[in-house]
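*Asks:* Here the protein sequences come in this chain order: A and B. Residues 1238 to 1345 in our numbering are what the first sequence spells out, letter by letter. Residues 16 to 137 in our numbering are what the second sequence spells out, letter by letter.
Incorrect hints may have been included.
[What the hints assert, rightly or not] Taking lysine-lysine and the BS3-like style, the derived pairs with C-alpha atoms no more than 30 Å apart in a straight line are:
| id | chain 1 | residue 1 | chain 2 | residue 2 |
| --- | --- | --- | --- | --- |
| 1 | A | K1345 | A | K1279 |
| 2 | B | K96 | A | K1279 |
| 3 | A | K1279 | B | K79 |
| 4 | A | K1341 | A | K1279 |
| 5 | A | K1279 | B | K28 |
| 6 | B | K79 | B | K28 |
| 7 | B | K96 | B | K79 |
| 8 | B | K91 | B | K79 |
| 9 | B | K91 | A | K1279 |
| 10 | B | K96 | B | K28 |
[Claimed, not checked] In silico negatives: residues of chain A with every beta carbon more than 10 Å from chain B:
| id | residue |
| --- | --- |
| 11 | T1268 |
| 12 | A1287 |
| 13 | S1302 |
| 14 | F1320 |
| 15 | K1345 |
It should be emphasised that the hints constitute simulated quantities derived from the structure, not laboratory data. Small disclaimer: the values here were computed from a predicted structure and weren't measured. For glycine and all other residues, C-beta sits at the position ideal for the given N, C-alpha and C.
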Amino acid sequence: DIQMTQSPSSLSASVGDRVTITCRASHSISTYLNWYQQIPGKAPRLLIYAASTLQPGVPSRFSGSGSGTDFTLTISSLQPEDFATYYCQQSYSALMYTFGQGTKLEIK
Amino acid sequence: QVQLQQWGAGLLKPSETLSLSCSVYGGSLSGYHWSWIRQPPGRGLEWIGKISQSGSSNYNPSLKSRVTISIDMSRKNFSLKLYSVTAADTAVYYCVRGVEMATIGFNWFDPWGQGVLVTVSS
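Extracted from the complex, chain A is given alone in its bound form (with noise of 0.2 Å):
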């Protein structure tokens, strides 16, 4: 299986803030990276796919980069909306889709 790990675990930022989160894949995974949020309570949304490309409706903040097995989430400038939990997955294997551990994003 293709291991995915998310730094940090945890991470708290105020509104206006810019923040990024790293997922790093086991083994190469090209640009087959998808990241989701969470809100508490809700079932998962889908942000970014194929490593860089926002999904439509999802605000110009969010974006994606990376390929091969480093990969990151940025928010240019966080919203109240946004204190969430974010996973990446990686798509690469279609066999067996594996996720990060998530990040839970808190307000200072």
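Once you have looked at the hints, place chain B on chain A.
*Replies:* Chain B alone, transformed into the frame defined by chain A:
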């Protein structure tokens, strides 16, 4: 806009069979794959398995011996059965649509069902 509506029993005893179904509204089942993903309370996401419109399925090896996913194209729904459940199977279960870019194989999960909490307790 495609929406997924899922349902099933929320409380099971150990050794029973978990059975969930998911209906697809506002879109076709054709051209996509359909997955189940679970999330134990306070923990991360685990992919359970997927099925295509043809009925071809793939499962997480850690669950493969206990899982069956089926699809009913005429009723526009797909289902999950997990046999011989234990407390470790307590989780919120999500049904999701898998979208794939045919030419280069990028794929992702969108949308997600609302989730159903399944609790296994004696």
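*Asks:* All hints are to be evaluated individually against the structure, with a verdict given for each.
*Replies:* Status of each hint after checking the structure:
Taking the CA atoms of A/K1345 and A/K1279, the gap is near 22 Å; set against the 30 Å cutoff, the hint holds. Annotation: proposed proximity of B/K96 to A/K1279 holds, straight-line Cα distance about 23 Å (limit 30 Å). Annotation: proposed proximity of A/K1279 to B/K79 holds, straight-line Cα distance about 27 Å (limit 30 Å). Only pairs whose Cα atoms come within 30 Å are accepted, and A/K1341 paired with A/K1279 is accepted, the gap being roughly 14 Å.
Taking the CA atoms of A/K1279 and B/K28, the gap is near 26 Å; set against the 30 Å cutoff, the hint holds. Taken as a hint, the B/K79 and B/K28 pair is honoured in the structure, with Cα atoms around 21 Å apart against an allowance of 30 Å. The suggested pairing of B/K96 with B/K79 holds, with an alpha-carbon distance near 11 Å, which does not exceed 30 Å. In summary, the hint linking B/K91 to B/K79 is supported, as the alpha carbons are separated by about 24 Å, within the 30 Å threshold.
Among the hinted pairs, B/K91 with A/K1279 is consistent with the structure: their alpha-carbon atoms are about 24 Å apart, no more than 30 Å. Using a Cα cut-off of 30 Å, the hinted pair B/K96 and B/K28 holds, with the two alpha carbons roughly 15 Å apart. For A/T1268, the shortest C-beta to C-beta distance to chain B comes to about 8 Å, within the 10 Å cut-off, and the non-interface label is violated. At roughly 4 Å from the closest C-beta of chain B, the C-beta of A/A1287 falls inside 10 Å, breaking its exclusion from the interface.
Every CB of chain B is more than 10 Å from the CB of A/S1302 (nearest about 15 Å), matching its label as outside the interface. No Cβ of chain B approaches the Cβ of A/F1320 within 10 Å, the least distance being about 17 Å, so the stated non-interface status holds. Listed as outside the interface, A/K1345 is consistent with that label: its C-beta sits roughly 22 Å from the nearest C-beta of chain B, beyond the 10 Å cut-off.
Checked against the numbered hints given earlier, this structure breaks hints 11 and 12; the rest are met.
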